[in-house]
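There are 2 protein chains.
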Amino acid sequence: MKTAVETVPSYVLDAWWMPDAGAPATDARDASTGEVLARVSAEGLDLAAVVEHARTVGQEELGRLTMHGRALKLRELAGYLNGRREELYAVSAQTGATRGDSMVDIDGGIGVLFTFSSKGRRELPNSNVVVEGPVEPLSKDGSFIGEHIYTRIPGADVQVNAFNFPVWGMLEKFAPAFLAGVPTIVKPATPGMHLAAAAVRAMVDSGILPPGSLQLVAGSARDLLDQLDYRDMVSFTGSAATAALLRAHPNVSGGGVRFTAETDSLNAAILGPDAMPGTPEFEAFIRSVVTEMTVKAGQKCTAIRRAIVPDGLRGAVIDAVGARINERVVVGDPRTEGVTMGALASLEQLADVRAAVEAMLAAGGELAHGTLAAPGVPDAAGPGSGVGRGAFMSPVLLDWPDAEAAAVHTLEAFGPVCGVLGFSTHDGGASEAVRLAALGAGSLVATVCSNDPDFVREVVTGIAARHGRVLVLNREDARTSTGHGSPVPHLVHGGPGRAGGGEELGGIRSVKHHMQRTAIQGSPNMLTAVTGVWHEGADRRIAGEAEFGGVAGEVHPFRKSLAELRIGDAFASGLRPVSLEDITAFAESTGDTFYAHTDPVAAAKNPFFPGIVAHGYLLVSWAAGLFVEPAPGPVLANYGLEKLRFLTPVAAGDSIRVTLTAKEISPRVTDDYGEVRWDTVINNQNGDVVASYDVLTLVEKEDTLYKSRGRRATVPRPP
Amino acid sequence: MKTAVETVPSYVLDAWWMPDAGAPATDARDASTGEVLARVSAEGLDLAAVVEHARTVGQEELGRLTMHGRALKLRELAGYLNGRREELYAVSAQTGATRGDSMVDIDGGIGVLFTFSSKGRRELPNSNVVVEGPVEPLSKDGSFIGEHIYTRIPGADVQVNAFNFPVWGMLEKFAPAFLAGVPTIVKPATPGMHLAAAAVRAMVDSGILPPGSLQLVAGSARDLLDQLDYRDMVSFTGSAATAALLRAHPNVSGGGVRFTAETDSLNAAILGPDAMPGTPEFEAFIRSVVTEMTVKAGQKCTAIRRAIVPDGLRGAVIDAVGARINERVVVGDPRTEGVTMGALASLEQLADVRAAVEAMLAAGGELAHGTLAAPGVPDAAGPGSGVGRGAFMSPVLLDWPDAEAAAVHTLEAFGPVCGVLGFSTHDGGASEAVRLAALGAGSLVATVCSNDPDFVREVVTGIAARHGRVLVLNREDARTSTGHGSPVPHLVHGGPGRAGGGEELGGIRSVKHHMQRTAIQGSPNMLTAVTGVWHEGADRRIAGEAEFGGVAGEVHPFRKSLAELRIGDAFASGLRPVSLEDITAFAESTGDTFYAHTDPVAAAKNPFFPGIVAHGYLLVSWAAGLFVEPAPGPVLANYGLEKLRFLTPVAAGDSIRVTLTAKEISPRVTDDYGEVRWDTVINNQNGDVVASYDVLTLVEKEDTLYKSRGRRATVPRPP
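These protein sequences, in sequence, are chains A and B. Mapping the first sequence onto this note's numbering, position 176 (from 1) lands on 1293, and the numbers just tick up by one. Mapping the second sequence onto this note's numbering, position 430 (from 1) lands on 1547, and the numbers just tick up by one.
Careful: at least some of the hints might be erroneous.
The list cannot tell twin chains apart, which means a pair is met if one copy fits it or any two copies do.
Claimed, not checked - Simulated crosslink set (SDA-like; lysine to any residue; CA at most 25 Å straight-line):
{"hint": "1", "residue 1": "K1629", "residue 2": "T1377"}
{"hint": "2", "residue 1": "K1760", "residue 2": "E1249"}
{"hint": "3", "residue 1": "K1818", "residue 2": "E1681"}
{"hint": "4", "residue 1": "K1257", "residue 2": "Y1128"}
{"hint": "5", "residue 1": "K1818", "residue 2": "P1126"}
{"hint": "6", "residue 1": "K1760", "residue 2": "D1656"}
{"hint": "7", "residue 1": "K1760", "residue 2": "V1806"}
{"hint": "8", "residue 1": "K1629", "residue 2": "V1252"}
{"hint": "9", "residue 1": "K1629", "residue 2": "L1556"}
{"hint": "10", "residue 1": "K1818", "residue 2": "R1762"}
{"hint": "11", "residue 1": "K1257", "residue 2": "G1186"}
{"hint": "12", "residue 1": "K1257", "residue 2": "P1570"}
{"hint": "13", "residue 1": "K1760", "residue 2": "P1784"}
{"hint": "14", "residue 1": "K1257", "residue 2": "S1603"}
{"hint": "15", "residue 1": "K1760", "residue 2": "R1693"}
{"hint": "16", "residue 1": "K1760", "residue 2": "R1658"}
{"hint": "17", "residue 1": "K1722", "residue 2": "R1785"}
{"hint": "18", "residue 1": "K1722", "residue 2": "E1819"}
{"hint": "19", "residue 1": "K1760", "residue 2": "R1785"}
{"hint": "20", "residue 1": "K1760", "residue 2": "S1783"}
{"hint": "21", "residue 1": "K1818", "residue 2": "L1764"}
{"hint": "22", "residue 1": "K1629", "residue 2": "R1552"}
Derived by calculation from the structure, the hints in this document are not laboratory data.
Construct the complete structure from the given sequences, taking the supplied hints into account.
Structure below.
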């Protein structure tokens, strides 16, 4: 008899917390041996204080950092956790996970931190106000404009997680919340709780996280929702039934709590009629189905539950899946050599899955591969397992002679179970495949496996609105694809309808789900003050030509380091006349002899030009000549151009001038230089706008010439 | 006694429908005279058939058009409705609306159609698949990539509207749904139902709308939600209590129906400590408060309910508001000359507002301006009204000596009522103003009235997360501002918490709320097939230099009209060597003598350059020379450049070449030309990418040279 079973502690108010010794608790067991590993209980925990701590200390401490500052912390944390993977693997094995499963969970979770760190620094400003979308002119004279900003929500993100990926499931929600500046309160599921707690232990040990930014409730969430209001959000992963209950909570239905859910769904994999046995697509399809049945013993909300294949290929698919399972799959204790598929999370899960399979068999499914012992009795006491106490199950493939049978589109066996359905190909098959996939009533993901672009287009656009993600598998990506069942941090995860209607990940999209989008309206000066980005029409300090606004004593902004430069610092050049000779010479030297620059008769017939006009490239090249400061200075390079539009043609005899204004200044947190975006306008002698664009430069932080020099640096790529 | 009162008909299944003569009905009355205008009833209407009609006929008919096709129809519809404004004004006056109120409602609604038509054609592709965001590389070799698309939801948008703006409230929801391709089922409120029905009558008469795209339920929504599932959405405007009820409906909480709500809120207007009496800001503030109290008799979900002002200015604000009301406001039947404020929507509304004011007086509010007769008895039988039967009320201003009194932050009088609260300015005032505004627990809009950029920045970033919109009012935009209470179609409307948590308008954002965002993953060829946009790495047909992929017989894509051009059509140039003389000559002719192009010693110290390098502008100018087709042809102009990045420096002795690929082809629906976006890559002799960018051109639809010529055309502006 075991006596030294410990209770999993909660981490709240920046300290570890344990319930009273006598508090009622649930046992967490080893999935393979049935051994009791730990007790789980949050009985007596003051959840109101937990929420208040997040809203006060957590908000304040996270708010001391900018987006980039928090992004850097995510990278540090990822590096730290990398060093503690082995101890997490050991705990993970107790949940029934193979080494491969554990890597999906643990390395996958750490990978999310790295991705968000890098995207945060590349795609978000180094501040706490994110401008979204273009400026909208709201008055003719430009004195009243509008745009949108994102700022973080003022409360907590309560993350209720499922049992299947205790680490990834936590980090994929924590990362965007943290980046947004929103404190996390995580409530993992009881099976796997000890693994989630081990990961939180490591995160706390790292010393990297600001106070209040992460709290762990290691037990029932009880009345947690009662504590929340419109400032907070709930990010739920789990069953559709629980999601519905939470959504009907008065604080969600009427109290303004933001609620997002990701529930498991009856995901489809669709095989194209072109993907006959022997093709790379057929092979990739079979491999994908078996992988999704067996990874994590099929306990994945993204697993393939419905293989939708051309009617004539049903037999071939069943045979090939069965053969691959026989060849590859060894069920047992994941700590045992040679085992490729572990246990389900618990005997309760096993019983649920078996019951679902029985129901499907009763509803028209036929057992096409695998065995099914009586519910509750393990049928595969795999190598190394405690006989009768491990939650083991063989992969089960069901054949559905009636593809419309309701059961296959509504029942889910959350384990190594998949059904095969046939569709008629008499009209090409695409519309039939779309129709069957739609019977799932909303899914997280579907795979379309075909090398026929027309079939792929028709099916993908036909099913997209019912899916959060669609993977197209063909010979070109079969080896490089990250797989049907694997959400990637760059792309959204979640789906409509049965899949819960939520959206996670998707890069910065998920950060914005933790922020409020607000329209702001005002004058250019006021929107400049609010956003820290210079807006056209706002005040500036202009150096250069007095005739065009230049003020004596103002320094050319290219002479200013990031420490000195302010948005609104500007330079105005004088006019430079353009002659026909200039245009001709430019045509000759560049080779750009387009008729609009060389042939007066043809040029005059062009609907956009009055006759021969200067090259757009001549104009921007000359503009650079007009605004450049030739001698070495803090501006290191012009690394790009954005949003260039040629608006008024320039003919021989016209003159041009340029005005350049510092619009956005982004010092890098890890380099001694940063990016400056310059609003650039070329005008002609009449003041008409000839061209407008953004010039992108790299500028040193401090005015120490050559400070950054002598080593190589890299130019930012476009987003 | 009246006998000829008609029932407002519903418009369903593309036909007008009336209930049985004996069906129970509600009376719609003239707000000023109490006269019964119409009966309202949808008793016996088969709502399941209405929803099914939208999902089948409506979806199919709208799906025949592209985004641009539907956008054009919105413009036609707006033009048609413009011609029928007068008859709508007459009906509007019966709701208690003044001519000004009616213009906000009717002209404002038509304006939304125009804006969405124009934005749809400028900001959306001419197809039914909208690509969102950048491509994400998911494998090192580029064979597996991901991105996001939007496709319309496969059901109906059920629009439940409030009584206050029957036309605008309908069209601001209809326009984005229609543009997305989603059929509308509109359920207006009973007061104002006859006006909404008159507008629908005009829309149907126009003959512009496809079958099934618009249905009107002129009566109780009864079991409408019972008919909806995950394919559908509900767009609700009304009370928070009703929104909470609908959100708790099983089809919303558990059935996947998308639900968005806009409920009225306790919007604040904050006066800055700098905005002393006599300043333009003080004057603008007073004007704004009085406008928001009296337009539509204060029955606006965006109206100012809380004037939050420096403690010391409370008296001055109360006096100035009172004086302006006395000077400007004449309450009465809006059809009577000289009336500036009409009736509330009904006697029931009047009773509600009075009761709310009584409750506020009991909770610490003090009557600072206006009179309040006993509840239920009209106090202002204005000129022309049926005495005792018009829902008239004078504007009421309340003073709140205790700014923290719960009532002012929780109770709403949905009429011409506003409270004044003071904040302490001992620490500058911003944080105190933010704290008071936050007590509203989520609002649609706030005004910040100040000319102090620091105060504005602190307050706006402090309150943004609790607001859907913030207006900054100062001397610069006081005359051009569209006003506190007016949502504009370009910017989002809606707010968190008490404001309902929803989001409407915001230009294309609201179109996307009617679509599902789906991540798609696959090879470049397959993502090209799905989106109709060429992806890097996908197949192409290359003309030009054989050494770099050119195939004999392929025509230069600049020689192809839109009718002939296909995405993936490409051109590859040969190599052109760059010499020091070229660089020097370019520096001299353009004036761009930056040291990196002219001074070998200084250039070598720059961390990005190996020594003297060619100008980026030289490279793109030469690239144009390398890819140009000089003789007249279907390509009319290069109107811009996007996403230019210089990635590898080019030194003397290097050579460059360019490859150009048709990436996106967008024929205009109204012109005989369209836009073509060309993926452009400059490589050096080693194959390194020197620069990458998009070249934007205008190309004729048909290969009829000079067809478009001889008339002026306009270049598209950047979004």
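Hints and how they fare:
no., hint, result
1, K1629 with T1377, "both (13 Å within a copy, 18 Å between copies)"
2, K1760 with E1249, "both (16 Å within a copy, 18 Å between copies)"
3, K1818 with E1681, "within (9 Å within a copy, 51 Å between copies)"
4, K1257 with Y1128, "neither (56 Å within a copy, 40 Å between copies)"
5, K1818 with P1126, "neither (46 Å within a copy, 69 Å between copies)"
6, K1760 with D1656, "within (22 Å within a copy, 28 Å between copies)"
7, K1760 with V1806, "both (14 Å within a copy, 21 Å between copies)"
8, K1629 with V1252, "both (19 Å within a copy, 19 Å between copies)"
9, K1629 with L1556, "between (32 Å within a copy, 24 Å between copies)"
10, K1818 with R1762, "between (30 Å within a copy, 22 Å between copies)"
11, K1257 with G1186, "neither (40 Å within a copy, 28 Å between copies)"
12, K1257 with P1570, "between (48 Å within a copy, 23 Å between copies)"
13, K1760 with P1784, "both (22 Å within a copy, 21 Å between copies)"
14, K1257 with S1603, "between (50 Å within a copy, 17 Å between copies)"
15, K1760 with R1693, "within (24 Å within a copy, 27 Å between copies)"
16, K1760 with R1658, "within (24 Å within a copy, 28 Å between copies)"
17, K1722 with R1785, "between (50 Å within a copy, 21 Å between copies)"
18, K1722 with E1819, "between (53 Å within a copy, 17 Å between copies)"
19, K1760 with R1785, "both (23 Å within a copy, 21 Å between copies)"
20, K1760 with S1783, "both (19 Å within a copy, 18 Å between copies)"
21, K1818 with L1764, "between (35 Å within a copy, 22 Å between copies)"
22, K1629 with R1552, "between (34 Å within a copy, 24 Å between copies)"
Hint violations for this structure: numbers 4, 5 and 11, all remaining hints satisfied.
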